[in-house]
Structures are given as C-alpha cells and as structure tokens.
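Model the full assembly from the supplied sequences, consistent with the hints where possible.
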Amino acid sequence: MAKFAIDLTPLKKYPDFRNLWTAGLISYFGSMITYVALPFQLKELTGSYLAVGALGVVEIVPLIIFGLYGGVLADSVDRKKMVWATEAGALVLVLVLLGNSLMGSPKTFIIYLVAALFAVVDGLQRPSMDAMLPRLVSHEDLPAASALLSLRWQVGVIVGPTLGGIIFSTLSVSAGFVVDIATYVLSLLFLSRVRSIPPSKEAEKPSLAALFDGVKYALKRQDLLGTYIIDLAAMTLAMPMALYPFWADQLDAPWALGFFYAAITVGSVFVTLTSGWTRTYRFHGRAVILAAMGWGLAVAAAGLSNSLILVLICLTIAGAFDMVSALFRGNIWNQTIPDNFRGRLAGIELLSYSVGPLAGQLRAASMAAATSLSFSVTSGGLMCAAVVGILALFLPKMWKYDVETNEFAVREREIRKNRENS
Numbered sequence: 001m002a003k004f005a006i007d008l009t010p011l012k013k014y015p016d017f018r019n020l021w022t023a024g025l026i027s028y029f030g031s032m033i034t035y036v037a038l039p040f041q042l043k044e045l046t047g048s049y050l051a052v053g054a055l056g057v058v059e060i061v062p063l064i065i066f067g068l069y070g071g072v073l074a075d076s077v078d079r080k081k082m083v084w085a086t087e088a089g090a091l092v093l094v095l096v097l098l099g100n101s102l103m104g105s106p107k108t109f110i111i112y113l114v115a116a117l118f119a120v121v122d123g124l125q126r127p128s129m130d131a132m133l134p135r136l137v138s139h140e141d142l143p144a145a146s147a148l149l150s151l152r153w154q155v156g157v158i159v160g161p162t163l164g165g166i167i168f169s170t171l172s173v174s175a176g177f178v179v180d181i182a183t184y185v186l187s188l189l190f191l192s193r194v195r196s197i198p199p200s201k202e203a204e205k206p207s208l209a210a211l212f213d214g215v216k217y218a219l220k221r222q223d224l225l226g227t228y229i230i231d232l233a234a235m236t237l238a239m240p241m242a243l244y245p246f247w248a249d250q251l252d253a254p255w256a257l258g259f260f261y262a263a264i265t266v267g268s269v270f271v272t273l274t275s276g277w278t279r280t281y282r283f284h285g286r287a288v289i290l291a292a293m294g295w296g297l298a299v300a301a302a303g304l305s306n307s308l309i310l311v312l313i314c315l316t317i318a319g320a321f322d323m324v325s326a327l328f329r330g331n332i333w334n335q336t337i338p339d340n341f342r343g344r345l346a347g348i349e350l351l352s353y354s355v356g357p358l359a360g361q362l363r364a365a366s367m368a369a370a371t372s373l374s375f376s377v378t379s380g381g382l383m384c385a386a387v388v389g390i391l392a393l394f395l396p397k398m399w400k401y402d403v404e405t406n407e408f409a410v411r412e413r414e415i416r417k418n419r420e421n422s
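So for the sequence shown, our numbering puts the first residue at 1; every next one is plus one.
Rather than coming from a laboratory, the hints here were simulated on the basis of the structure.
Worth double-checking, as some hints may not be accurate.
Estimated spans, in silico, between C-beta atoms of each pair [as the list claims (entries may be wrong)]:
(1) D249 / S169: 15 to 23 Å
(2) T274 / S307: 22 to 30 Å
(3) G389 / P15: 41 to 49 Å
(4) F394 / K43: 43 to 51 Å
(5) I309 / F246: 16 to 24 Å
Fair warning: this is a prediction, and the values are worked out from it, not measured in the lab.
Glycine included, each C-beta is placed from N, C-alpha and C at the ideal position.
Written as structure tokens, this is what we have:
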C-alpha cells in the first residue's frame, strides 16, 4: 500500500514549498466561498438565470488576455513577488465585494466588474504560481509535489462551497466575504515566508515577441502540444457539468444535485491520495491519452445510466481518469520545460484547462436542447474517446514519451541537478 499512498516528502523536505502549499490551501478555501457567493448573490438580487450565467461571460476574455500576459511576466519578474502582489490585489477585490454587500441595495454592476477583475488577477497569478514549483523542489520530487497541489485544490473545492452555503443560509453573504478576507490575510503571511524566485539569466523583457517565442516553443514540441490539445478536446466534448440540475430532475432526485457536483471531485481525490505510483511510471504521454479516453467513456456510461447510483459511480470514475491525466500533464510540463519559458507555457496551460470546461458546458447545453440530455452526455463522451484516439495517431512523440529517455526531460534533469549541486 505504501507504493500507492500519496507522497508527503515535499511538505516535509522543502519549507518554501510547505509555505506556498499552506498559503494556497487557506486562500483557495476562502476563494471558493466567494466563488459560490457571487452567483448566489446575483440570484438573490435578480432571480435571473441569464444574470447568473453572465458571470462566466465577463470572466473568459480577461482570463485569456491576462493569462497569456501573466505567463510573459512570470518569466520576467520575481515569481514570488508576483504571486504576493496579485494575492493582495484579490484581497482588495473581496473588500469591495464586502462593501457592496453591506449597502442597502447592492449593485449588480459591481459584482460583474469585480468578477472580471478576479479573472485578471487569476490570469496574472496562476502562471507565476505554477512556474514556482520547479524552483522550490528537486526534480525527482516534482510528481509528488504536483499531487499535493492537486489535493490542496480538491480540499478547497469540497470544503469551501459547503461551508459557504452554510454561512449564506445561516448568516449572510457578507459573512462569507469576511471569512474570505481573513483567509487572504493568512495566505499573505505564509507567502511572505517563501524565498524570492528571480527570473533566470536567460529571461526576456516582457513583450509581445516574448509571448510569441513561448508559443513557438510549444508548437515545435509535439509531446507538449499534445497535452494541451488532448485536454482541450476531452473537456470540450465531454464536460457535462452544465446539465447537472436538469439531470438530477430527470432522475427524480433534485435533492442529489450536490452529489453530482461532488462526484468528479471524489474520483479526483481518490487518485490523488493513491498517487504514489506516479513517481515510477515512465510513459507520461501514454497515460494522458488513455486517461482522457477513459474520462470520455466513463461520461458516456453515465449518460446511458438510468440509476442515480450508477450515474454518480460513472462520474466518480470519470473524475479519477481526469486526475490521472492532470497529474501526468503536470509532470510533463514541470519536468521538461526550461525555466526561462516556464511562465509563458504556464499561461498557455491556464488557457488549455480553463477554456475547455467552459466550451464543454456550452456544447453540452446546446446539444441537450437540440436533442436530449442523455444523447448529449453519451454522444459527447463517445466523441471524446474517439477524437482523443484519433489525435493520438497524429501525436506519436506524445504516445512514446518516456520521462527517462525524452531529450527534453533528460536535459532539464541534468540542468537542475547541476543547479542543485552548485
């Protein structure tokens, strides 16, 4: 069993990683409360489905633009300072939300404006946050560190919204914002204890040319490009989340809506807690492809099921496959991308795993409206498995990727070993 248990070595061995991990755990917990608070507050103020759905619309463009720009900055400035500054910016935004919620008549335009600014802050912060990891832990401990970061996110997804719902129903939305503010203050304290991570000697100044250099680097590496394309296809074609409220009603189980939202995360947590084996499995590209196909087939099976229990089991299995894919995608990124490109590529990664689910929800909803819920879910899952399989035929370098022999992995391993020994 020890082979499969999650490896806690990075938390024990690297104080800077431990502080970064703790800061993120606290911050994400509070952020998920606010994540739930915004649609809840809009529902209370407007009673409109469109008003709530518009939140995603105002977030997507800033996330794309500033995600790419944040990647350029992550390769040009001190990454720790960038993360700290954007965390402080997010704190200010929650203070604005608190002030708005305490007004006699809260303004909806302020909620939309802050949601868009949150996307800006997230786009600027996430590339620097992701690019910090290879500088904080040794090369061989990167898989374990990636699994721990996934666990941190999963805890926030499960605990944050649950606590937020309790706070909103028993106290108020304002109380939820106060909790989030407190978590940001604690997060900033832990982040201040992380050492500085200045740009590499080869770093370029922030510019459009630097951004294009990052894109060119990704395009010339088939194994890397494949991780983006595979995940984008899997999420666009098979993400069923937009249909959960209707799915629960169709199964005559509206009370189980929360279980639908939790199922995929439960599967992800299971894989994370048993991720010890990922340290020794060499064929990361193959794992990403097969896991993406498994995700699609599990979603398709859920669409064919008429039993609530079977649907939830299938979604849990889908979540497990999705986390396997995520872990090995992260390993490929962290173990092969040179430090002077890591931030820009993290910006591209942000788009690959953020845009796909949003596009997937649009696909699922529009197809369900044109046909049926079951057809939308089942056909989407089957298309996902088929398209990923076809893409794999055109990505032989990704399929053959072996962390022990891949030229980029070998080169980075030697560079980092020399840096650690110097």
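task: Using the beta carbons of I309 and F246, state whether their distance is inside 16 to 24 Å or not.
output: At roughly 19 Å between Cβ atoms, F246 and I309 fall inside 16 to 24 Å, so the hint holds.
query: Holds or violated: 43 to 51 Å for the Cβ distance of F394 and K43?
result: For F394 and K43 the Cβ distance comes to about 44 Å; the hint holds.
task: Go ahead and decide if the range 22 to 30 Å is satisfied by the Cβ distance of T274 to S307.
output: 26 Å, holds
query: At the C-beta level, are G389 and P15 separated by a distance inside 41 to 49 Å?
result: 44 Å, holds
D249 versus S169 beta-carbon gap, inside 15 to 23 Å or not: Taking Cβ atoms as reference, D249 and S169 lie about 22 Å apart, which means the hint holds.
Going down the numbered hints, you'll see the structure goes against none, and every one checks out.
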